[in-house]
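Going down the list, the sequences are from chains A and B. Quick note on numbering: the first sequence equals residues 1 to 109 in the numbering used here. Quick note on numbering: the second sequence equals residues 110 to 224 in the numbering used here.
Note that these hints are calculated values from the structure, not bench results. Hints may be right or wrong, so weigh each one.
Selected chain B positions facing chain A (in silico; Cβ < 7 Å) [claimed, not checked]:
no.	residue
1	G125
2	G137
3	F215
4	S217
5	V223
Some residues of chain B that are not near chain A, with every Cβ distance over 10 Å (derived) [unchecked claim]:
no.	residue
6	T116
7	E157
8	N165
9	E191
10	T214
11	G216
Chain A stretches covered by chain B per the calculated footprint, using a threshold of three residues with CB under 8 Å from any CB of chain B [stated by the list, open to error]:
no.	region
12	21-28
13	66-79
If you're wondering where the values come from, they're calculated on a predicted model, not measured in any experiment. Cβ coordinates follow ideal geometry from the N, Cα and C atoms, glycine included.
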Amino acid sequence: DAKTTQPNSMESNEEEPVHLPCNHSTISGTDYIHWYRQLPSQGPEYVIHGLTSNVNNRMASLAIAEDRKSSTLILHRATLRDAAVYYCIQSEGNTPLVFGKGTRLSVIA
Amino acid sequence: KAGVTQTPRYLIKTRGQQVTLSCSPISGHRSVSWYQQTPGQGLQFLFEYFSETQRNKGNFPGRFSGRQFSNSRSEMNVSTLELGDSALYLCASSSMPRLLVYGYTFGSGTRLTVV
Chain A
1 DAKTTQPNSM
11 ESNEEEPVHL
21 PCNHSTISGT
31 DYIHWYRQLP
41 SQGPEYVIHG
51 LTSNVNNRMA
61 SLAIAEDRKS
71 STLILHRATL
81 RDAAVYYCIQ
91 SEGNTPLVFG
101 KGTRLSVIA
Chain B
110 KAGVTQTPRY
120 LIKTRGQQVT
130 LSCSPISGHR
140 SVSWYQQTPG
150 QGLQFLFEYF
160 SETQRNKGNF
170 PGRFSGRQFS
180 NSRSEMNVST
190 LELGDSALYL
200 CASSSMPRLL
210 VYGYTFGSGT
220 RLTVV
């Protein structure tokens, strides 16, 4: 079973920042936080991952709470192409990813 | 750089038949994982192969099997198909052990419909 909790859906206006929350209260010291997203009619796509420190890449930023029990995926400027289901996954380094239901993000023009 | 290629894209089978799905990972990737996605259960892990060896297996009946070839291409087989096997089957490849650098790359999936 998935170990993370995410809101079922969120809505954002185009060109505004989006903060997608994720709770992972059972996280252990060796668990990573991974984010993937799935656009309509496509397979999931890797977004970002982190262990303890905040992470940035060309797609997004990942802010991890100090106690590591929660994290936030930040899309700095939402576009219509960012409308997707976003999955937050807690797992050890090389173990299979267990997907939950994710958060369906809608972007309004 | 070619992505993960899954064939066929769509498939219709009759209950009781068997089916084989194919996945070609990104060149140089030696790890292949398979997932089943349905509206009710979401994405569920089936199995993972690395260098022709099954490393992990999900909670699916023995009708679901897989294998990986020396060129890292993978196939999964479902025997005695049931209506509930209708789903999108996704393959993901990774450059294990550098999974944490690049993550998984998923294919677009094979849509299997059992009638």
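Hint-by-hint comparison with the structure:
For G125(B), the suggested interface contact is broken, since its CB lies about 28 Å from the closest CB of chain A, more than 7 Å. Here the hint on G137(B) is broken, as its CB sits about 16 Å from the closest CB of chain A, past 7 Å. The closest approach between the C-beta of F215(B) and any C-beta of chain A is roughly 3 Å, which is under the 7 Å cut-off, so the hint is satisfied. At about 5 Å, the closest approach between the beta carbon of S217(B) and any beta carbon in chain A falls short of 7 Å, and the interface hint on this residue holds.
Among the interface hints, the one on V223(B) is violated; its C-beta lies about 20 Å from the nearest C-beta in chain A, farther than the 7 Å criterion. No Cβ of chain A comes within 10 Å of the Cβ of T116(B); the nearest lies about 14 Å off, and the non-interface call holds. Non-interface call for E157(B) relative to chain A: violated, since the shortest CB-CB distance, roughly 6 Å, does not exceed 10 Å. In this structure N165(B) is not separated from chain A by more than 10 Å, as the shortest Cβ-Cβ distance comes to only about 5 Å.
Its beta-carbon lying about 22 Å from the closest one in chain A, E191(B) satisfies the requirement of being farther than 10 Å from that chain. For T214(B), the non-interface assignment is contradicted: its Cβ lies about 7 Å from the closest Cβ of chain A, within the 10 Å cut-off. A beta-carbon of chain A comes within 10 Å of the beta-carbon of G216(B); the shortest separation is about 5 Å. Coverage of the region 21-28 of chain A by chain B is violated. Counting CB-CB distances below 8 Å, 0 residues qualify, and the rule asks for three or more.
For a cut-off of 8 Å, the count of residues in the region 66-79 of chain A with a CB near a CB of chain B stands at 0, and the three-residue condition is violated.
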